[in-house]
Each structure stands twice: as structure tokens, then as C-alpha cells.
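**Q** What follows is the residue order along each chain.
Number of protein chains: 2
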Amino acid sequence: MTRISKISKSPPAAVENVLNQLGRNIRTARLRRKLSRENLAERIGISRYVLADIEKGKPTTAIAAYLGALWALGLIRDMREVADPDRDEEGKILERARSPKTAPKRRKMDDDF
Amino acid sequence: MTRISKISKSPPAAVENVLNQLGRNIRTARLRRKLSRENLAERIGISRYVLADIEKGKPTTAIAAYLGALWALGLIRDMREVADPDRDEEGKILERARSPKTAPKRRKMDDDF
DNA sequence: CTTTTGTGTTGTTTTAAATCAACAAATATC
DNA sequence: GATATTTGTTGATTTAAAACAACACAAAAG
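Residue numbers (the numbering used here), protein chains in the order written: chain A, 1 to 113; chain B, 1 to 113.
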């Protein structure tokens, strides 16, 4: 936000779709649990306006607000596998390939620190 | 965000863990693909500074930036199942239960519009 | 009908997110 | 060794996200 990024101003279709779907899913989960926006927003620690933005799939909203919604709804577990290195088959192949000069590669460790 | 939300200032452990893990996963995927921060950031449409924040798991960064990173790395598909109503067993049970007075319930439709 | 609750909208204020520049440090490449 | 690239950090600027108030409307409850 602020100095709004290109990715937020006009996200690629794939990102926009995920965002809209996520917002609708959060709304569905809220209604199923018979929670009002105000009620759920309070549990998350945000205002009802931000929760409304989330349900609309607003791109510029802080990721913590989205994750907080999932958490408050008991759905945060769904995030655990996202981008899991063990499931990143393409990445594993690229790593295994290790072609002599694909790019500058600088860090010795790949996993973390 | 400004007027920093409680959820961003001090996220619950579950949210913080997901955030840190997600950042590390994105970093791992980037390194496997031998992309520099600047290179990947350009593809995403953000600055290298924001990508650095993402890899650190910064809570206040726009969700579109995170999703853009996943998209640019070919990992956006992992987001499609998050909070999927079909998988929300607890929500389905609550909906089926329909106890006489659990909350004010206001909207007729539960799925979307 | 009246009251209550939930939601949508608009405008205002606050304030920190995103960017950029410049430098230092680390790593890779030659 | 020297050079190029990547990354980290710090400080300054820009600007829109988040909160808030106030209103209207819808739907449910009395």
C-alpha cells in the first residue's frame, strides 16, 4: 500500500481469482458459524471495515488480517502446506539439475539459516 | 496499513508461524530457481525491499505481494484449497445443526451472492 | 409497527507501508 | 588477486491503508 504496487493495482488473473475465492470462503465460513462481521472482526483484532475488505478480496490488505481471519475461524491449518518445499517438484528438479551456469547463485544454504 | 492492527502488531503464534514458514518457503523456491531478489521482485511488480520483507514473514505486507510471489514462482495453485467450504467440516456441521437460536443470522444465502 | 442488529457507503484523520538513494558487506565470477 | 552481483541497512519521502464517525437501508425480532 501506499505507493501502490503494480501487483496490488492490477493483479494477474490467477492472483485475483485466488483473492476473490479466499474472500468468499471466509465469508461462507463466517456465516456458517453465525458470526457477524463486527463480532468476528473483534476476535481477529481488526475493524469491521477491514473484514469487509477481506470478504471482497481486497489486494492491498495486510496478509496478517487475512491470516487472522482464517485463524479466528479455525481454518489456519490450510495454510501450512502452501509453497512447501517438499511439494515443490519443479523446484526440486531445478535444484537437482544444477546446470553449470544458470544464474549467479550466491548463498550456500538453500533451506534457510 | 497505518493505524497498525493488533493482528499485525502481535499476531497469535499460529499466524506468526504460518507467516515465517511461508516466507522461508518462498525464499527456498526462489533460490532453487536461481533468481535474485531484484529479478523476482521485478517479475512480481514490487521492489526488492518488499520481497525481503516477504521472506522475513512481515505481517503488514499486502497479501497481493505474497500471492504475487507465489504466482511468479508457479506456486499459486497451493492457495486454491485454502478455506474451501467443501473441506470445512466444522462449518458444515454447524450449518447442519441449525440450532434455534445460536446468533442473529441475517442473510438468507450462505454461499455467496 | 417498532426496535434491534447487520451491513454498505462516504468522508476525514492518522500513520506506517512502499519506494528510493546510498552505502556496506557478502558472495560469486573472472 | 580484482570485479560484478546480491543482499542488508539506514534515512527521507510519498501516499494510501486502517480506523472512525455518521448516515442509510435491510432484515430479523419484539
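Hints listed in this document are in silico derivations from the structure and should not be mistaken for laboratory results. One thing to keep in mind: the hints can contain errors.
Copies of the same chain look alike in the list, so a pair counts if it works inside one copy or between any two.
What the hints assert, rightly or not - Taking lysine to any residue pairs in the SDA-like style, the calculated list, with each CA pair at most 20 Å apart, reads: (1) K92 / G74; (2) K92 / Y49; (3) K56 / L35; (4) K56 / R33.
All figures in this text were calculated on a predicted structure; none of them were measured in a lab.
**Q** Give a verdict on every hint.
**A** Evaluation of the provided hints:
In this assembly of identical chains, K92 and G74 lie within 20 Å of each other by CA distance solely across copies; the values are 13 Å between and 32 Å within a copy. Taking the shortest alpha-carbon separations for K92 and Y49, neither the intra-copy value of 42 Å nor the inter-copy value of 26 Å comes in at or below 20 Å. In this assembly of identical chains, K56 and L35 lie within 20 Å of each other by CA distance solely inside one copy; the values are 17 Å within and 33 Å between copies. Taking the shortest alpha-carbon separations for K56 and R33, only the intra-copy value of 19 Å comes in at or below 20 Å, while the best inter-copy value is 33 Å.
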